[in-house]
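For the record, the sequence lines run as chains A and E.
Start counting the first sequence at 1; every next residue gets the next number (my numbering).
Start counting the second sequence at 1; every next residue gets the next number (my numbering).
Fair warning: there could be bad hints in the mix.
Remember, identical chains collapse to one label, so a pair may be satisfied in a single copy or spanning two.
[Stated by the list, open to error] Derived pair list, reagent style EDC-like, types lysine to aspartate or glutamate, alpha-carbon separation capped at 20 Å:
id, residue 1, residue 2
1, K119, E134
2, K327, D186
3, K280, D166
4, K299, D288
5, K207, E124
6, K328, D158
These are computed hints drawn from the structure, not numbers from a lab.
Computed from a prediction, not measured in an experiment: that's the story for all the values here.
Here is what each chain is made of, one letter per residue.
2 protein chains.
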Amino acid sequence: MTGHFFEGAEKLLEIWFIASNNNNDLDNDTLSNDLRNIPRELIEEVLNLVNCKVLKYAKSATTDTYVLSESSMFVFQTHFVLKTCGETTLLHAVQPMLELARDYCGFDIVDQIFYSRRKFLRPELQKTPHTSFEHEVAYLDSIFESGCAYVLGRTNVDCWYLYTLDKTSVSTKSDQTLEVIMTELDPEKMKIFYQEYTSSASEATKKAGIDKLFPNAKIFDYLFDPCGYSMNGLLPNGHYFTIHITPEPDFSYVSFETNVPYDQYQEIIRKILKIFNPGKFTTTIFGDTAAISLDRQRKLFLYSDYGRIDHQVVCLVDYDLFYSYYKKHPS
Amino acid sequence: MTGHFFEGAEKLLEIWFIASNNNNDLDNDTLSNDLRNIPRELIEEVLNLVNCKVLKYAKSATTDTYVLSESSMFVFQTHFVLKTCGETTLLHAVQPMLELARDYCGFDIVDQIFYSRRKFLRPELQKTPHTSFEHEVAYLDSIFESGCAYVLGRTNVDCWYLYTLDKTSVSTKSDQTLEVIMTELDPEKMKIFYQEYTSSASEATKKAGIDKLFPNAKIFDYLFDPCGYSMNGLLPNGHYFTIHITPEPDFSYVSFETNVPYDQYQEIIRKILKIFNPGKFTTTIFGDTAAISLDRQRKLFLYSDYGRIDHQVVCLVDYDLFYSYYKKHPS
């Protein structure tokens with residue numbers, strides 16, 4: 001398999017909408033402000049532009065969820081999350097999604113946007129506009145006003161990029177997100193995610209212990225041929241979690257993401273580390289500015305076996321963003 | 001003056017040394033570990049490589065100070081600070097200074113380094129290796145191990161770059177630094193720094209109120225022809241402050257820097273704002289990790305007339321670094 005490579009690192013886009021003309025309470029014959037009104041075939045057309053396909057689709061009372069050939073999509077009433085890995089061109093979804101949101105849901109105002117990703121392992125393989133963060137920022141700046149581009153971490157080692165809008169958001173206030181990005185994973189743990197060793201997605205989910213993370217989740221999982229794994233988990237109250245695994249030893253990569261409340265994050269991260277045993281990992285946490293003590297945050301989120309090499313805080317308009325980079329102690 | 005431009009934004013280098021063989025207490029005939037032993041003509045040769053000249057030289061019991069044609073240099077026993085603006089090539093000083101420190105002072109170990117600068121107004125005018133932060137980082141990575149490159153602020157608006165080493169430092173523990181970088185300055189205040197309106201450097205210092213900032217300072221100041229101003233101020237206990245002014249309205253720029261203790265910073269910044277009345281400014285503060293409450297820091301350092309647009313914290317090995325960006329409220 002000389003030369004074989006897959007970029008596990010995802011591009012992650014989250015867009016929140018509001019309508020200048022509120023139609024939430026109207027009956028079904030009228031245009032109502034809900035992104036889930038966008039016909040599924042039109043969502044799939046947008047995903048074609050990004051170069052990925054729908055593998056599984058499901059819905060709950062609050063959430064439409066898609067397992068994709070390259071990662072995942074979640075669609076809620078007023079926002080969506082699209083996460084795509086490999087050489088996909090995620091930003092090509094932005095303009096079409098804005099148009100669909102306007103035409104099918106009456107959402108004429110972008111309330112907030114978050115675009116983020118880790119530094120690619122092999123940036124030279126990416127397609128326009130993902131060839132550099134500068135290009136991605138220029139692309140987004142051509143669509144949005146008041147965009148802010150940040151780089152967290154060490155630009156000459158590992159780093160993480162974020163683009164967001166400098167504005168007070170109406171709808172995102174009570175939201176929070178945790179992302180854990182792991183590299184240099186334990187090859188023994190990664191074997192679970194090869195069809196050679198595991199016969200089905202649900203077997204992989206159980207073997208790894210992913211089903212125990214949130215016992216009340218509805219899980220939609222997929223085991224790729226010959227290897228690789230994706231899962232979306234739906235939880236009550238519009239909460240979700242999603243895991244994507246590139247198990248090949250030369251470029252192993254696992255991402256975990258959830259929007260469950262902040263107070264669960266330390267415990268969740270402990271469980272994730274036990275499942276995947278990474279050599280290095282970063283955590284990014286978006287939390288409500290008012291609710292978090294920076295000093296407490298600094299003292300918490302320390303894990304035995306790992307040194308916290310980097311810890312950065314960015315105070316955004318409505319959020320505090322915490323970026324931490326951890327490395328396993330030499331054994 | 002069509003096309004006239006000067007890049008006020010300085011490159012700032014600080015290097016701390018230690019000796020594996022400690023000779024601090026030996027008599028003068030022996031090599032003693034003190035950077036002030038480097039012959040002045042050799043320092044001037046290094047400055048030639050950087051493309052700047054010495055305009056004024058003075059010394060106190062703790063500090064050698066140079067006012068340069070492009071900014072300033074301070075030499076202490078175990079560290080030096082070199083700050084150069086315009087199209088100077090400051091990083092060309094690194095390797096020669098390491099050699100001089102080794103040969104004349106027995107300093108064979110670099111204890112810590114800080115290289116920083118604001119985003120240039122016109123990066124395309126800079127000379128190698130300052131044509132981009134990536135190039136600067138590659139240059140420094142070729143000299144130092146364990147270098148970490150950070151970007152603070154918004155890469156698509158205003159930002160500030162830092163390169164430092166990922167190591168516990170022996171000598172820098174009790175040090176701290178405040179830098180205030182101001183743009184869009186009050187043209188009336190800037191008039192003081194034109195020879196047309198002010199006949200001497202000391203008159204400019206008094207008119208502006210710079211002499212009142214630290215009443216016990218020894219001030220070495222310089223008024224350029226036709227405009228522009230630099231000053232170095234020496235204080236007791238190895239403390240200093242330095243101000244550099246590019247007054248032209250199209251690209252006005254003022255920097256202030258000091259190493260006096262952290263508890264004075266809020267009050268100093270208030271005074272500085274009153275003197276210069278900038279439209280925008282950034283503050284960068286390096287302070288002892290153990291001494292600072294991040295939550296307190298967040299609540300302090302707010303100034304009437306200005307909104308704090310960005311606030312970021314980087315927790316380094318021995319320091320907390322605070323970056324804040326302020327913009328004047330529309331009047």
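Status of the hints after comparison with the structure:
1. K119 to E134: Answer is both; intra-copy 12 Å and inter-copy 14 Å each pass.
2. K327 to D186: within (13 Å within a copy, 48 Å between copies)
3. K280 to D166: between (31 Å within a copy, 16 Å between copies)
4. K299 to D288: This pair counts as both: shortest intra-copy Cα distance 18 Å, inter-copy 16 Å.
5. K207 to E124: neither (36 Å within a copy, 56 Å between copies)
6. K328 to D158: Result: close within a single copy only, 15 Å intra versus 35 Å inter.
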